[in-house]
Amino acid sequence: MEEMLMDNLHNGETEAQIQAASELGKLSRRQKHKLVERGIIALLISTLRSKIMKLLKIKSEFYFCGEHLIRVCTLLTAFMEEMLMDNLLNGERETQIQAANELGKLSRRQKHKLVERGIIAPLISMLCSQDYEAIEAALLSLLSLACGSERNKIRIVKSGIVPVLLEVLQCQSTTLIELTVAAMLILSSCLENKLEIASSGAIQRLVEILNGDFADDDNSYGRISVQAKIDAIATLHNLSTCHQLISPIVSSGVTYCLLQLIHSSEKSSGLTEKAIALLENIVSSSEDALQEIAATCGAIRALVETIEEGSPQCKEHAVAILLLICKSCRDKYRSSILKEGVMPGLLQLSVDGTWRAKNMARDLLLLLRDCSSFGSRSKQLKNELVEQIMQEIDAEGDTVAGTTLRLVEEMIAKLSTL
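Mapping to this note's numbering: the sequence shown position 384 is 377, numbers consecutive.
Think of the hints as simulated: they come from the structure by calculation, not from any bench.
These figures come from a predicted structure and were not determined experimentally.
Ideal Cβ positions, reconstructed from N, Cα and C, are used throughout, including at glycine.
Be a bit skeptical, because a hint or two may be false.
The calculated lysine-lysine pairs, modelled on DSS-like cross-linking and capped at a C-alpha distance of 30 Å, are [what the hints assert, rightly or not]:
#1 Lys106 / Lys19
#2 Lys332 / Lys351
#3 Lys351 / Lys325
#4 Lys25 / Lys98
#5 Lys151 / Lys106
#6 Lys19 / Lys98
#7 Lys332 / Lys320
#8 Lys320 / Lys351
Simulated restraints on C-beta separations [what the hints assert, rightly or not]:
#9 Thr167 / His3: 46 to 54 Å
#10 Leu184 / Glu8: 53 to 61 Å
#11 Cys322 / Cys121: 45 to 53 Å
Take the sequences, apply the hints, and build the full model.
Take a look at the structure:
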């Protein structure tokens, strides 16, 4: 039967070819595999091409040839999906890698069908190997399945991938570490996955990745790209949106880690922006994290520097954190904030920051301008000057931006002489 089917596809008339293509779908997996070894896919593609040419030349046969094309295309697609599944499940190393690579090229509909048939399990099995090439191919395939599909993200996590990913993070390949962090980021974007990801120990591992540059021992985390660190921070940010996870995130030591990153990075960089955004999210939900920042040496200075040098978004997050610190205990922290020279940057921000940053800068200025707890004449003069300029800025409002900016510039100049 197999011989006759091959012969009909190769030499038969159109009707015989249609019949042969139809019979192909009824064969067992073993029979299909044997036919693939004998080159049946090339025959099907050749048949497909010849019928396309015939369609172009003979319009009168459109319906008949069109039916043939549809059958061949449908059968070929189903056949290739079947072989891809079989190669992932039963193939040798090279065959599995090739099948995983081919998976990423399929349409969303084809991927959905393969997920329904259980393709996630063999891909996760590939992650458990010690073969870096196989792991990379499997990671890329799983990323392609997860992107754009909440259902697939949930299925992948429920298939037990998170502990496996944490094991991959222990390897010495920076490429695999970076791909794994990207996978964690995509999977953590799904609300239903957050608790399961966190309960597997992912938070601590992500913090270790961020601490890589500051660790004393030689490790792979110190060599990963900035983008991978941004992905790790973004993953933690995804998890921090679940209120139940704030406490374990704070307990992981991430607060100090983020402060180190902010201190050592360019204040206007994307890394700083992600780090300080996560920091604000954490301290706005945790009093413990807020007190930890306030008590950390150099933290307030790093935030003040960010207000002076950061991007508009960085400045917004920095002033938000300083405002929270000052509000938590005004008498305790007002002096520390003023000593770091926050006033010039804060005044500038109250004029040209984002809408939210302007409002918070002005709120913080109101908290800082009280001079009752400062004994020296210089400090009193500075605070009196702040109050005077603030009153003038309030009087000007937002109607004359140039005048307001001039007042700020005058304020900064006068402060520097006191």
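Consistency of the hints with the structure:
Note on Lys106 and Lys19: the hinted pairing holds, with a Cα-Cα distance of about 19 Å set against a maximum of 30 Å. For the hint linking Lys332 to Lys351, the alpha-carbon distance of about 21 Å falls within 30 Å, and the restraint holds. Pair hint Lys351 plus Lys325 holds up; C-alpha atoms about 24 Å apart against a cutoff of 30 Å. A hinted pair counts as satisfied when its Cα atoms are at most 30 Å apart, and Lys25 with Lys98 qualifies at roughly 22 Å.
Restraint check for Lys151 and Lys106: the C-alpha separation of about 18 Å stays at or below 30 Å, so the hint holds. This hinted pair checks out: Lys19 and Lys98 have alpha carbons roughly 26 Å apart, not beyond 30 Å. At most 30 Å may separate the alpha-carbon atoms for a hinted pair to count; Lys332 and Lys320 meet this at roughly 17 Å. With a CA separation close to 17 Å, the supplied pair Lys320 and Lys351 stays within the 30 Å bound.
For the pair Thr167 and His3, the supplied restraint of 46 to 54 Å holds, since their beta-carbon distance comes to about 50 Å. Between Leu184 and Glu8 the C-beta distance comes to about 55 Å, which sits within the given range of 53 to 61 Å. Checked against the given bound of 45 to 53 Å, the beta carbons of Cys322 and Cys121, roughly 51 Å apart, stay inside it.
The structure fails none of the hints (numbered hints given earlier).
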